[in-house]
Amino acid sequence: MGNGACLIESPDAVPEGSGGRSQPDSPWRAQIEAVFRREHASILATLVRRCGGDFFQAEDLLAEAFARALEVWPRQGMPDRPAAWIQTVAQRRRIDQQRQRGSSEELSPDHSGASVFPSEPDEAFAGEDDRLRLIFTCCHPALDREARVALTLQALCGLTAQEIARAYLTRTTTMSQRLVRAKRKIRQAGVPYRVPTGEEVAPRLATVLRVLYLVFNEGYSATEGDDLLRHELAEEAIALTGQLCEWLPQEPDVRGLHALMRLQHARRWARTTPDGDWVGLAEQDRSLWDRAAVIAATGDLEEVLREAPPGPYTLQAAIAAVHAEAPRAEDTDWEQIVALYDRLLLVDPSPVVELNRLVAVAQHRGAEEALRQWDQRVDASALDGYLYLHATYGELLAQVGRSAEAREAFQKALYHAENRAERRLLLRKLAQLGPTEGG
Amino acid sequence: MRYMLLIHAAEEIYAKMSEAEMGQLMAGYGRFTTELEAAGALLGGERLQDVENATTVRVRGGKTEVTDGPFAETKEQFGGYYMIEAKDLDEAIAWAAKVPCSANGCVEVRPIWEMEPA
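Just so you know, the sequences run in chain order A and B. Everything in the first sequence is counted per my numbering, starting at 20 for the first residue and increasing by one. Everything in the second sequence is counted per my numbering, starting at 272 for the first residue and increasing by one.
Hints in this document: simulated from the structure, not taken from any laboratory. Hints are not guaranteed to be accurate.
Unchecked claim - In silico lysine to any residue, SDA-like type, Cα no more than 20 Å apart, as pairs:
id, chain 1, residue 1, chain 2, residue 2
1, B, K358, A, T216
2, A, K204, B, G351
3, A, K431, A, Y405
Based on the sequences and whatever the hints tell you, model everything.
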């Protein structure tokens with residue numbers, strides 16, 4: 020994503036044509052953009068702290084420092100530690116600005132002062148904490164849910180508002196406004212720039228993981244749009260979750276989520292036809308699954324499972340792993356999958372999990388049994404607008420030959436379908452039921 | 272930072288409460304206020320009378336229009352506030368979660384618009 024596109028502009032700006040500070044073909048531009056992509060999160064994270072939590076100021080400083088790199092590096096050569104160079108230039112500029120405002124007392128959100136020049140050898144140590152602060156702040160529950168996702172992609176993955184807008188099929192101006200609003204709220208409402216501690220950790224980490232999983236899933240659930248872009252979005256989420264595993268080694272469910280994402284991503288080439296139609300797990304060509312990725316993720320998952328009682332993402336990863344180890348759909352160990360869903364219901368009960376469990380029950384002990392459990396376990400009213408509820412119900416009814424009821428369920432599902440692939444799948448299911456009885 | 276905790280709850284809940292339950296609720300508010308005070312975080316706070324005693328005033332075209340009731344009919348009504356001092360939003364949220372009515376109504380946390388010193 021973002022190969023060469025407007026990375027060095029102010030992050031919320033809509034790029035204006037091709038007019039940049041240097042020639043767009045300059046080999047330096049590509050190199051500097053590579054540094055930007057790689058180091059963006061850690062540099063920004065530290066700058067936000069130094070600016071007392073002000074994202075706008077930190078981003079302006081970052082953009083200025085990169086613009087400076089575009090002027091200086093082609094003349095003087097790439098510095099040995101480009102990230103430290105950028106950091107230092109930005110920091111110096113910040114102090115200049117403060118001096119200009121003439122308020123020396125404001126000099127200390129941290130105690131870095133002027134002594135940091137020319138570069139700080141210990142910056143690498145502070146960097147990790149700052150990136151954790153950054154991710155917890157971007158995923159703060161006081162921010163709008165969509166803004167959390169966008170802010171995480173921008174601040175931690177270095178995507179521009181334009182790229183995020185493209186991935187989410189919104190207009191760049193809409194996305195920019197969403198980002199600006201979130202950053203303003205962080206500043207005005209006093210959203211703190213810190214890693215939560217004690218009792219706060221669990222709920223706040225859950226919010227972070229949900230945002231990461233949302234970023235990952237958005238790569239798949241948006242069925243219109245650019246395939247490659249969506250895979251890259253999923254890969255950004257995987258990479259960021261991988262980093263979070265290193266930053267929070269004491270939180271096993273982060274590693275569970277990392278394994279879950281990689282197991283699902285391993286199936287990316289098998290889940291749609293070349294025409295963009297969905298292919299269910301049972302019908303997927305398993306030779307298209309990325310075996311190396313499955314093996315690596317399963318290995319990590321087994322380690323997590325040995326260490327601690329599994330959290331919700333670890334359990335979902337375990338379910339994905341059971342699917343992954345079956346050479347053919349009919350070899351799936353459904354009994355184990357039902358048992359894993361039962362455990363998942365204990366740690367993280369939800370109507371969706373209940374529904375998925377019943378799908379597994381149908382595979383393990385037949386659709387009759389699943390339908391018997393349906394009424395007592397599924398709260399249809401809570402999920403009435405949920406396509407998957409009606410589609411699943413229809414599928415079970417079709418399997419036991421209750422075609423008329425199945426047709427009704429599929430039609431309800433069709434009513435809630437949001438995209439072409441979903442509609443086509445449901446129309447196929449309806450066609451398979453045969454003609455309406457009695458005309 | 273200064274924050275306002277705006278307490279909203281359905282008034283009918285209180286109408287249905289027994290005397291003992293009401294006493295418990297009030298004792299809860301007493302404890303909460305004491306805790307705020309002890310932490311040096313209390314800047315002010317009041318309970319309001321029910322919305323049936325509310326009057327809404329608008330000036331339109333120079334004329335004062337007065338109507339009975341709150342400005343908007345809502346399921347939950349604004350019933351009181353605390354003004355607090357907190358380090359950041361997390362601290363304000365932690366206080367808000369301790370307001371007894373957050374258990375059956377909700378508390379809106381709003382930072383105060385601080386005027387720049389002239």
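Any of the earlier hints contradicted here, and which numbers?
2
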